[in-house]
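S.K.: Sequence:
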Amino acid sequence: MILLFQVDSGYLKHVYLVLERLGFERRNDSDWDVLWAHAYPFRVLYSSLKNLEPHQKVNHFPGSGYITQKVDLATSGIPYIPVAFRIPSDVDKLFEYAKINPESLFVQKSNDHRGVRITKANDLNLKAEGTFVQEYVSKPLLVDGHKFDIGVYTIQTSIDPLRVYIYNGDMILRFCPEKYHPFDPDVLDKYVVGDDYLPTWEVPSLQKYYVDLGFSMKESLTAYLKDMGKDPSKIWDQIDDALRRAYLKTEPLMVKSASNYRSKRNFFEMVRFDFVVDEDLNVYIMEANMSPNLSSQHFPPNSMLYEQVLFNTLSLVGVGRKVHGDSLSPRSSSEETMQVTEKNLMVYPAVCARKLCRSSCVSPDCQLCRPCLTAETVDVLKAAYLEHVNRQDCKRIFPPHLVR
1 MILLFQVDSG
11 YLKHVYLVLE
21 RLGFERRNDS
31 DWDVLWAHAY
41 PFRVLYSSLK
51 NLEPHQKVNH
61 FPGSGYITQK
71 VDLATSGIPY
81 IPVAFRIPSD
91 VDKLFEYAKI
101 NPESLFVQKS
111 NDHRGVRITK
121 ANDLNLKAEG
131 TFVQEYVSKP
141 LLVDGHKFDI
151 GVYTIQTSID
161 PLRVYIYNGD
171 MILRFCPEKY
181 HPFDPDVLDK
191 YVVGDDYLPT
201 WEVPSLQKYY
211 VDLGFSMKES
221 LTAYLKDMGK
231 DPSKIWDQID
241 DALRRAYLKT
251 EPLMVKSASN
261 YRSKRNFFEM
271 VRFDFVVDED
281 LNVYIMEANM
291 SPNLSSQHFP
301 PNSMLYEQVL
311 FNTLSLVGVG
321 RKVHGDSLSP
331 RSSSEETMQV
341 TEKNLMVYPA
351 VCARKLCRSS
361 CVSPDCQLCR
371 PCLTAETVDV
381 LKAAYLEHVN
391 RQDCKRIFPP
401 HLVR
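Be aware that the sequence shown starts at 1, since it is given in the UniProt record's numbering, and climbs by one per residue.
Hints were generated in silico from the structure; no laboratory data involved.
Fair warning: there could be bad hints in the mix.
To be verified - In silico DSSO-like cross-links for lysine-lysine, where the CA-CA straight-line distance does not exceed 30 Å:
1) K13 <-> K50
2) K208 <-> K179
3) K395 <-> K322
4) K230 <-> K179
5) K139 <-> K50
6) K190 <-> K99
7) K139 <-> K127
8) K57 <-> K13
9) K249 <-> K70
10) K234 <-> K395
11) K343 <-> K249
12) K322 <-> K218
13) K120 <-> K190
14) K208 <-> K190
15) K139 <-> K93
16) K355 <-> K322
17) K179 <-> K218
18) K395 <-> K226
19) K139 <-> K70
20) K50 <-> K70
21) K256 <-> K234
22) K120 <-> K139
23) K218 <-> K249
24) K93 <-> K57
25) K190 <-> K179
26) K230 <-> K190
27) K264 <-> K218
28) K256 <-> K57
29) K190 <-> K256
30) K57 <-> K395
31) K190 <-> K70
32) K256 <-> K395
33) K256 <-> K179
34) K93 <-> K120
35) K343 <-> K355
36) K179 <-> K70
37) K50 <-> K343
38) K208 <-> K230
39) K264 <-> K382
40) K226 <-> K50
For clarity, every value in this text was computed on a predicted model and none was experimentally measured.
Modelling step: build the complete structure from the supplied sequences, incorporating the hints.
M.R.: Shown next as structure tokens:
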């Protein structure tokens with residue numbers, strides 16, 4: 001199986017390793033199976049990507065910038081995102097909001113996330129094109145006095161219909177190296193998570209779970225919060241809901257972008273959403289990182305997390321297949337039906353056996369019965385079925401599970 005990289009980078013060491021273990025070899029060949037691009041590939045490679053073969057996979061969606069561009073996400077109006085204003089177009093709205101909320105502090109950001117600093121509205125640079133101003137979450141949840149963020153690895157496998165998963169085996173916790181109090185906005189290490197963050201295994205209250213008991217980062221934080229008398233499920237439920245809302249808001253824009261390509265079924269994307277939590281366990285989306293950092297050079301203990309995220313992602317989307325060949329292209333129709341056949345898709349037998357559904361497809365109850373399924377719907381359901389059986393430690397968050 002042939003693997004094509006858009007760029008050769010040390011940041012992709014674990015990507016190379018995982019794909020090579022799955023039987024891929026790196027070659028410059030037009031008949032490739034997987035393109036792994038660190039940067040958004042559709043502007044540079046549009047002519048090569050607009051007419052992909054059914055078996056070819058690309059690790060980004062056309063239009064995914066609507067969710068990973070910081071200014072677009074922050075000003076999208078999605079719940080769970082602190083209020084934000086584009087600069088300079090929303091300056092009047094910013095000052096109106098600041099007048100109503102005089103205690104609010106703000107941070108000014110750009111897409112490269114550099115120069116973040118807390119300030120009052122009157123001290124902002126209101127002429128900086130391409131930036132946005134966002135209200136600061138001023139009472140963050142602290143562990144051992146340190147502010148932190150939660151990185152959630154999210155995998156989008158389909159648009160129209162939308163399917164989104166999270167890697168549920170773990171999340172990454174990153175702590176500010178300086179304690180939050182006494183607070184000083186001039187000391188960025190108190191409230192900005194940078195490259196030299198404090199890792200979980202160096203946070204005393206989490207060491208007994210993460211180091212001594214071998215818990216995951218998510219399990220360690222869950223256990224700590226329970227010990228503090230708090231309900232961690234409030235955080236995890238909000239994160240799932242926030243992610244659903246983010247993707248539902250941006251999917252129509254991505255569908256429009258994908259309409260320029262022969263098929264919208266060749267793409268998948270793994271991004272990392274970063275959240276902060278306040279002292280009342282309310283969750284806020286800070287950003288969504290396209291091609292998140294998967295290099296363990298700075299923190300070697302993270303290597304297994306990154307490789308498990310990658311393996312789970314590739315298994316979910318059918319790249320890490322159980323049936324091996326020289327290509328992701330099926331060798332025969334029997335190879336396909338061995339993995340999933342229409343009988344695997346049949347549901348609600350009591351409903352579909354009724355005369356109503358055998359004679360007509362008018363009733364909504366009959367839409368999933370075999371006589372009512374279109375060829376395209378069958379293909380979509382087969383893909384969803386294979387994702388379900390290959391999901392490893394991933395959890396589907398959209399569509400939600402149905403209980404009938």
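S.K.: Take a quick look at whether K264 and K382 sit within 30 Å of each other, Cα to Cα.
M.R.: holds, 15 Å
S.K.: Does K230 sit within 30 Å of K208, going by the straight-line distance between their CA atoms?
M.R.: holds, 18 Å
S.K.: Assess, step by step, whether the Cα of K208 is no farther than 30 Å from the Cα of K190, and give holds or violated.
M.R.: Distance ~24 Å between K208 and K190 Cα, so the pair holds.
S.K.: Quick one, are K57 and K395 close enough, alpha carbons at most 30 Å?
M.R.: holds, 21 Å
S.K.: For a C-alpha distance cap of 30 Å, please report whether K249 and K70 respect it.
M.R.: Between K249 and K70 the Cα gap is close to 15 Å, so the pair holds against 30 Å.
S.K.: Against the 30 Å threshold, does the CA-CA distance of K139 and K70 hold or violate the hint?
M.R.: It holds: about 22 Å lies between the C-alpha atoms, which stays within 30 Å.
S.K.: Is the hinted pair K256 and K234 satisfied, with a Cα-Cα distance of at most 30 Å?
M.R.: With a Cα-Cα distance of about 34 Å, the restraint between K256 and K234 is violated, given a limit of 30 Å.
S.K.: Are the Cα positions of K190 and K70 separated by 30 Å at most?
M.R.: Within the cut-off at roughly 22 Å; holds.
S.K.: When you check the alpha-carbon spacing of K190 and K179, does it fall within 30 Å?
M.R.: Roughly 6 Å separates the two Cα atoms, so the pair holds.
S.K.: For the pair supplied as a hint, K179 and K70, is the alpha-carbon distance within the 30 Å limit?
M.R.: holds, 27 Å
S.K.: Would the pair K395 and K226 pass a check requiring their Cα atoms to be no farther apart than 30 Å?
M.R.: holds, 23 Å
S.K.: Within 30 Å, alpha carbon to alpha carbon, are K139 and K93?
M.R.: holds, 24 Å
Of the numbered hints given earlier, the model fails hints 5, 11, 16, 21, 24, 27, 29, 33, 37, 40; all others are met.
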